[in-house]
Structure formats: structure tokens, C-alpha cells
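So the protein lines, in turn, are chains A and B.
In terms of the working numbering, the first sequence has 47 at position 47, counting the first letter as 1, and numbering is strictly consecutive.
In terms of the working numbering, the second sequence has 65 at position 65, counting the first letter as 1, and numbering is strictly consecutive.
Do not take every clue at face value.
For the chain A half of the interface with chain B, some residues (derived, Cβ under 10 Å), not all of them [as the list claims (entries may be wrong)]:
#1 Thr5
#2 Phe9
#3 Pro11
#4 Cys19
#5 Phe31
#6 Arg68
#7 Arg75
#8 Ile89
#9 Glu129
If you're looking for bench data, these hints aren't it; they were derived computationally from the structure.
A virtual CB, placed ideally from N, CA and C, is assigned to each residue, including glycine.
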Amino acid sequence: MITLTDQAFEPGEILTAFCAGRDETGAVASFTGLARAEKGAALILELEAYPGFTDAAIAAFAQQAKARFDLQDYRIVHRTGRIAPGEAIVFVATAAGHRRAAFEACDFLMDYLKSRAPFWKKEHGPDGERWIEPTAQDTTDAQRWD
Amino acid sequence: MARVLLFGRLADLAGWRDRMVEASSLTALRDLLATDDAELGEALAGPGVQVAVDKAIVRGEAFLAAGAEVAFLPPMSGG
Chain A
1 MITLTDQAFE
11 PGEILTAFCA
21 GRDETGAVAS
31 FTGLARAEKG
41 AALILELEAY
51 PGFTDAAIAA
61 FAQQAKARFD
71 LQDYRIVHRT
81 GRIAPGEAIV
91 FVATAAGHRR
101 AAFEACDFLM
111 DYLKSRAPFW
121 KKEHGPDGER
131 WIEPTAQDTT
141 DAQRWD
Chain B
1 MARVLLFGRL
11 ADLAGWRDRM
21 VEASSLTALR
31 DLLATDDAEL
41 GEALAGPGVQ
51 VAVDKAIVRG
61 EAFLAAGAEV
71 AFLPPMSGG
């Protein structure tokens, strides 16, 4: 399941709910991304999504991940709007029979979300605002799976 | 009428993000927007800007049915 939300969320609650009632899963891996303050350079991060398009693109990619790693299930929550340092931006959990698939699928989904998912990101700092493009490292990370 | 949506830096440049425009094709729509705001017209045709009609990416020309939603998407940053 995929959720885009402009409200702060609690990653622990989502993980607990995702783990509930699984007696054939064996492994759940999760990742939580938090907004960084960049030593005061980033006061607020603003993420724009295109509802109906962004979630559909993520869902199509997550279905690929599910097939590639033989996942049983996944859960993705992504913030939009204005995000303060320390708040969770993204949460990914994957469920599989064994740990390797769960770890790798979680990593794979995060590399996609960080580099290719349809979001537009703006950083508001003390010197004004700027649009952010994926870093070279984000692109290199995503290409590991090609 | 088509509903036009701008995202990211395109919305900042234009000063709007959601507008109804009378156009029956993507080319006619681009021409109208460029006539209204030449700088925006150029940015919409710039490198890496993709177009979605009714939330599906299209390349080149497309006809716009009444009520079509046209979104101009600058390069995506990831989350």
C-alpha cells in the first residue's frame, strides 16, 4: 500500500501495523528517512507531488520490486508539503519469507524513491529557496539495480 | 477547455499552477501559453520537461478532449 500525506506521521506505528498478523513472513525490513537541517541551511523542505500520478508511478515500480524480490507485501508512506528538520519524510517496509529479499527490496525501493519518483523538492533556507535535483550519488545508487 | 497544471519551478516561473485554457490540441495549448507568457512558453519546451495528459505521459502532439487535464512536469527530483 502507498500513502502520500501532508501530515506528520509516526514510523513506529506504521511498522507495528505492518508486522501485525503475519505468521508466514519471516522477515520485515524497514527504512525511515528524516529531513536534515544541513547545519541550519535547510529550515524547511517542501515536497510537491502530483496526486494520482505520483502514487501510480510509485505503485508501478513497487509491483516490479514485488516480483523481482518475491515480496509478500510492502508499505510506503511519503510526506508532501512543508517538512521540518527531524520529521520523517519517507517510510518503506517490505515483507518476505527471508531477510535477504526484504533488505534488498527495501534498498531498491529507496533508491528509486530518492532519485526517480515524481516529486519536486524545494529547500527553504536562510538565504532563500532553491529547487533540488537528485544528487550524482542518488543516480549512481539507483543505477546499481539496472 | 483543458485544465493545465504546472509543477515545481514551472509554477514558480509562471506565478500560477492551475488554470483552464481553451485548446483542442497540445500544440495549440503550448502556443496559447507562449503567447501569454513567452518565458513560460520557452520553459515548457525546455530540456527534461515532460507532459502528461490525464495523468499519462505523452510525447509529441496530442488531441485534448473537453475536460482534459494537462500537466507540465519539470525534471523530477525524487523524494
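Problem set entry | Hint validity - Phe31/A Cβ closer than 10 Å to any chain B Cβ | violated (12 Å)
Exercise. Does the nearest C-beta of chain B fall within a distance shorter than 10 Å of the C-beta of Thr5/A?
Worked result: violated (12 Å)
Exercise. Hint check: is the beta carbon of Pro11/A less than 10 Å from a beta carbon of chain B?
Worked result: violated (15 Å)
Exercise. Once the shortest beta carbon distance from Glu129/A to chain B is found, is it less than 10 Å?
Worked result: At about 9 Å, which falls below the 10 Å cut-off, the nearest Cβ of chain B leaves the hint on Glu129/A intact, so it holds.
Exercise. Taking the closest Cβ pair, is Ile89/A under 10 Å from chain B?
Worked result: holds (6 Å)
For this session: Could you check if Phe9/A really has its C-beta closer than 10 Å to a C-beta on chain B?
Result: Result: violated, 14 Å to nearest chain B Cβ.
For this session: Using 10 Å as the Cβ threshold, decide whether Arg68/A counts as touching chain B.
Result: violated (19 Å)
Exercise. Do the numbers back the hint for Arg75/A, that is, is its least Cβ distance to chain B under 10 Å?
Worked result: violated (15 Å)
Problem set entry | chain B contact restraint for Cys19/A - C-beta distance below 10 Å | violated (23 Å)
Figure legend: structure checked against the earlier numbered hints; hints not met, in rising order: 1, 2, 3, 4, 5, 6, 7.
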